[in-house]
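K.L.:
Turn these sequences into a full structure, and let the hints steer you where they fit.
2 protein chains.
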Amino acid sequence: MTSRDRSIHRRANDHYRWEGVEELPYKEDDRALFKSITRQVLFSDPQMHGELRYFEVAPGGFSTLERHEHMHAVLILRGRGHCLVGSEVRPIETRDLVTVPPMTWHQFRATQGEPLGFLCMVNAARDKPQLPSAEELAKLRADAKIAAFLRNQPK
Amino acid sequence: MTSRDRSIHRRANDHYRWEGVEELPYKEDDRALFKSITRQVLFSDPQMHGELRYFEVAPGGFSTLERHEHMHAVLILRGRGHCLVGSEVRPIETRDLVTVPPMTWHQFRATQGEPLGFLCMVNAARDKPQLPSAEELAKLRADAKIAAFLRNQPK
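Quick mapping for you: the protein sequence lines, in order, are chains A and B.
The numbering used here numbers the first residue of the first sequence as 1 and each following residue consecutively.
The numbering used here numbers the first residue of the second sequence as 1 and each following residue consecutively.
Note that these hints are calculated values from the structure, not bench results.
Take the hints with a grain of salt, since some may be wrong.
In silico SDA-like cross-links for lysine to any residue, where the CA-CA straight-line distance does not exceed 25 Å [said to hold, decoys possible]:
id, chain 1, residue 1, chain 2, residue 2
1, B, LYS128, A, HIS9
2, B, LYS155, A, THR64
3, B, LYS35, B, ILE8
4, A, LYS155, B, ILE8
5, B, LYS155, A, ALA12
6, B, LYS128, A, ASP45
7, A, LYS145, A, THR64
Coverage of chain A stretches by chain B, computed from C-beta distances (three or more under 8 Å per stretch; other residues unrestricted) [as the list claims (entries may be wrong)]:
id, region
8, 12-24
9, 57-65
10, 84-91
Backbone N, C-alpha and C define an ideal beta-carbon position, used for all residues, glycine too.
P.N.:
Here it is in structure tokens:
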């Protein structure tokens, strides 16, 4: 393929790695707010007002526990797991749609045994995520359902 | 599920129909610029600057042949087929990414035997698609590769 061709058509391999797309591994995190997740930006262009990213969480891993003003529009592309959105803990599987409203704590966790991959559409112009303080984490854990989810033992 | 729950989490059935999402069948088209395609708007919200739609083309069907100022960011979710983007005709399969630049004629065609389903991200604020005039169609068909694609016989 020429570079011009690739700009209109890019393929993925069997491991959900797209050609011409950089895979960004997350740095390790001391506070264990995320684990074993990578990111590929599939579509980002000055003429588009949204971006489409693909996140993949290894078995037993999880996305960052965070909140922000911008919304997330998520489609589960492969695998299964659980998600936290606000005070809701939900089992999720391939093709489920998850909407994360503004300023809502959220996290995606892969089940054991298979990776969890999801698409996430966001506004191109958006605020930075906020991480929970120790107090906010304690408040979340006061809910037994959320505490179990954060221990990777969703009920 | 309560309506509040469904607003954050919606599931699909095995036929790629999402709960709480209306399926819009296309009207029939005299000029055969599209055939056997349905649309589901998966994410559309005043706070999001992009929309995510799912289109499904029945075996042998095709999306509208059109062009417009706004871009399309497409991810093939199921099946295979061919697409036309400008003067390029490409075989496409599940997980391929296709970028449609501004004012570029484009169409997606399903192969025989299985449906072609694809996600399409667009700007929420966008211009209306333009359909080709008879002259523009003739100009497209002057390219043997494009003519074969439009006859559903891609080379």
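K.L.:
Is the hinted pair A:LYS155 and B:ILE8 satisfied, with a Cα-Cα distance of at most 25 Å?
P.N.:
holds, 19 Å
K.L.:
Three residues minimum, CB to CB under 8 Å: does the region 84-91 of chain A make the cut for coverage by chain B? Let me know.
P.N.:
holds (count 4)
K.L.:
Below or equal to 25 Å on CA atoms is what counts here, so check A:LYS145 against A:THR64.
P.N.:
holds, 18 Å
K.L.:
Sort out whether A:ALA12 lies within 25 Å of B:LYS155, counting only the CA atoms.
P.N.:
The given pair, whose Cα atoms are some 23 Å apart, holds under the 25 Å limit.
K.L.:
Would you say the region 57-65 of chain A counts as covered by chain B, given the rule of at least 3 residues with C-beta under 8 Å?
P.N.:
Violated: only 0 residues of the region 57-65 of chain A have a Cβ under 8 Å from chain B.
K.L.:
With the threshold set at 25 Å, check whether the alpha-carbon distance from B:LYS35 to B:ILE8 stays at or below it.
P.N.:
Not satisfied, since the Cα-Cα distance of roughly 33 Å exceeds 25 Å.
K.L.:
Cut-off 8 Å, C-beta pairs, minimum 3 residues; does the coverage of the region 12-24 of chain A by chain B stand?
P.N.:
holds (count 3)
K.L.:
Taken at face value, is the distance from the CA of A:HIS9 to the CA of B:LYS128 at most 25 Å?
P.N.:
With Cα atoms ~24 Å apart, B:LYS128 and A:HIS9 stay inside 25 Å; holds.
K.L.:
Is the Cα-Cα distance between B:LYS128 and A:ASP45 25 Å or less?
P.N.:
holds, 20 Å
K.L.:
Would the pair B:LYS155 and A:THR64 pass a check requiring their Cα atoms to be no farther apart than 25 Å?
P.N.:
violated, 46 Å
Of the numbered hints listed earlier, those contradicted by the structure are 2, 3, 9.
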